[in-house]
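Peer 1: Sequence:
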Amino acid sequence: MSSGGGFAVGVTVVPVDPVPSRWELLDPDPAPVGEPLSAWLPARRSASDAAVLLGQIVAAESQLAALRVELVVDLASARPAPVDPLPGGHGAGATGPAGVSEFVPDELAAVQNSSRAAAVTLLEHADLLTTVLPGTFGELRLGRLDWPRARAIATEVAATGRDTDPAVIAAAEAAVLPRALELGVGKLREAVRAELVARDAAAADRRRAQRQRNADVTVRPVGDGMSELRVLLPHPEARGCRDTADRHARAAKDAGDLRPIGMLRTGAVADLILRPWQEQPSVTAQLTVVAPLDALTPDRFLASGAPLPAAFSPPATSAPAAPGPIGEVDGEPVTAGHLRELLTRLDALGVQAPAAGTLEIAITDHTGALLALTGRTELERLARQGGSLGLPGAVDRYRPSAAHFRFTRARDRTCRHPGCTVRAGWADLDHVVPHADGGETDCANLCCLCRHHHRLKTHAPGWTHTMSDDGVLTVITPSGVTRISRPPGYRVLVEPPQPPPPPAHDPPPF
Numbered sequence: 046m047s048s049g050g051g052f053a054v055g056v057t058v059v060p061v062d063p064v065p066s067r068w069e070l071l072d073p074d075p076a077p078v079g080e081p082l083s084a085w086l087p088a089r090r091s092a093s094d095a096a097v098l099l100g101q102i103v104a105a106e107s108q109l110a111a112l113r114v115e116l117v118v119d120l121a122s123a124r125p126a127p128v129d130p131l132p133g134g135h136g137a138g139a140t141g142p143a144g145v146s147e148f149v150p151d152e153l154a155a156v157q158n159s160s161r162a163a164a165v166t167l168l169e170h171a172d173l174l175t176t177v178l179p180g181t182f183g184e185l186r187l188g189r190l191d192w193p194r195a196r197a198i199a200t201e202v203a204a205t206g207r208d209t210d211p212a213v214i215a216a217a218e219a220a221v222l223p224r225a226l227e228l229g230v231g232k233l234r235e236a237v238r239a240e241l242v243a244r245d246a247a248a249a250d251r252r253r254a255q256r257q258r259n260a261d262v263t264v265r266p267v268g269d270g271m272s273e274l275r276v277l278l279p280h281p282e283a284r285g286c287r288d289t290a291d292r293h294a295r296a297a298k299d300a301g302d303l304r305p306i307g308m309l310r311t312g313a314v315a316d317l318i319l320r321p322w323q324e325q326p327s328v329t330a331q332l333t334v335v336a337p338l339d340a341l342t343p344d345r346f347l348a349s350g351a352p353l354p355a356a357f358s359p360p361a362t363s364a365p366a367a368p369g370p371i372g373e374v375d376g377e378p379v380t381a382g383h384l385r386e387l388l389t390r391l392d393a394l395g396v397q398a399p400a401a402g403t404l405e406i407a408i409t410d411h412t413g414a415l416l417a418l419t420g421r422t423e424l425e426r427l428a429r430q431g432g433s434l435g436l437p438g439a440v441d442r443y444r445p446s447a448a449h450f451r452f453t454r455a456r457d458r459t460c461r462h463p464g465c466t467v468r469a470g471w472a473d474l475d476h477v478v479p480h481a482d483g484g485e486t487d488c489a490n491l492c493c494l495c496r497h498h499h500r501l502k503t504h505a506p507g508w509t510h511t512m513s514d515d516g517v518l519t520v521i522t523p524s525g526v527t528r529i530s531r532p533p534g535y536r537v538l539v540e541p542p543q544p545p546p547p548p549a550h551d552p553p554p555f
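Heads up: the sequence shown begins at 46 in my numbering, then just goes up one per residue.
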């Protein structure tokens, strides 16, 4: 492909040795480190050159997408499903092509550093493009059809289910492919859907009934304290719900409410669902307060120029200083005054256990690693009497103690498999080194894994899991890709701590 100006963008395949080494296969022709692609082009480019290059980039991206599809199929083909079903694998094969291991999406997600959901979708699209959509895949390989449109066709075909007659899919593809580039992605999806329904109305009715059975209500956080409430239900009911919320919002607007109409709609929906005018059953909640250990030391206040809090100052007395109660958190000394200061801060913030709930205080070090988990009652006892806090001790049995469950769930918060977001409350507590192989039932050998990833670690061949004492989990896939999962809040120190300043050249007295 040429832009007419002596430079172009394209995809080049470099042959390697018949039996290349692992490193040669990964990087047959390494480019200079840190050099952007634009450095290979003239510094001054006209608008015409830029337009031609952009078109070439789209074609090159299409060819790369086709290559990625083939590589995904290669990876899946190398991971066949076991002949005997694995324990606990209820419906596990539904996330991938027939005959392929249920754990292929997890390996693909690790290779791409993506979510498992994205890997499942890519695997499904790759399977469809290489089996029942040969025309679409052929155009993609030649760079004549871009990836968003190829993906749109595959998405609509995937929605029809695996029981759709391949002849119906082939006819629908033949009808829409010649005009695919003339349609936007949304219109292309509508066209594919219409062709499939027109050729198999009975299958469309079955899919609609199945979608209704899959209806659900979900919540997706979007940041800044806001979340999306998603309700999947039949279209007439969805329109009816929206219209009802709109009527309530406009009635409030007519009555003089000055808030934006969208805010009034959401308020109407919340009121109609929550019914604040009715007595509701109590909800049990657990509140966890994270308290960095270095925030409980006098040096933090003195370094900032602030006066020392009274909790850190010894009482005025003429008697010789008597040893006061002192404790420690995972080896770090903490005085009773330090703990009283934490209690004072909690009181100042009005932090109390929620009604019908609990309050836990997570004490961390300067990296964010969890050192101890305690409650307010225990903290008050330590502030009076001294003592120590730390990790729950190991137990000589398979089942972890209640303290192990509390500490590990507070440290991990979610399933610890890289990229998984299943909450720790729904996860299993797993021995990283299996108990049967000598692994201790101890916090340094326990982590939260959702049931799927617990099964992966136990039954999938070729996976390796190791964890450091501070809870950093390292996972290596059968293909050798390494991913690291750190506990939430854990910070990697990119620079060593600053050394103390040199002594003054002219110390006092001057």
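These aren't lab readings, by the way, just hints derived from the structure by calculation. Note that the structure is a prediction, hence the values are computed from the model and not measured. Please note that a few of the clues may not be correct.
Label pairs and their calculated CB-CB ranges [stated by the list, open to error]: (1) Asp441 x Thr466: 28 to 36 Å; (2) Ala84 x Arg224: 35 to 43 Å; (3) Gly268 x Arg444: 33 to 41 Å.
For every residue, glycine included, the Cβ atom is placed at its ideal position computed from N, Cα and C.
Peer 1: Determine for every hint whether it applies to the structure shown.
Peer 2: Cross-check of the supplied hints:
1. Asp441 x Thr466: 28 to 36 Å: The hinted range 28 to 36 Å holds for Asp441 and Thr466, with Cβ atoms some 34 Å apart.
2. Ala84 x Arg224: 35 to 43 Å: holds (39 Å)
3. Gly268 x Arg444: 33 to 41 Å: At roughly 39 Å between Cβ atoms, Arg444 and Gly268 fall inside 33 to 41 Å, so the hint holds.
Hint check: no violations occur; every hint is consistent with the structure.
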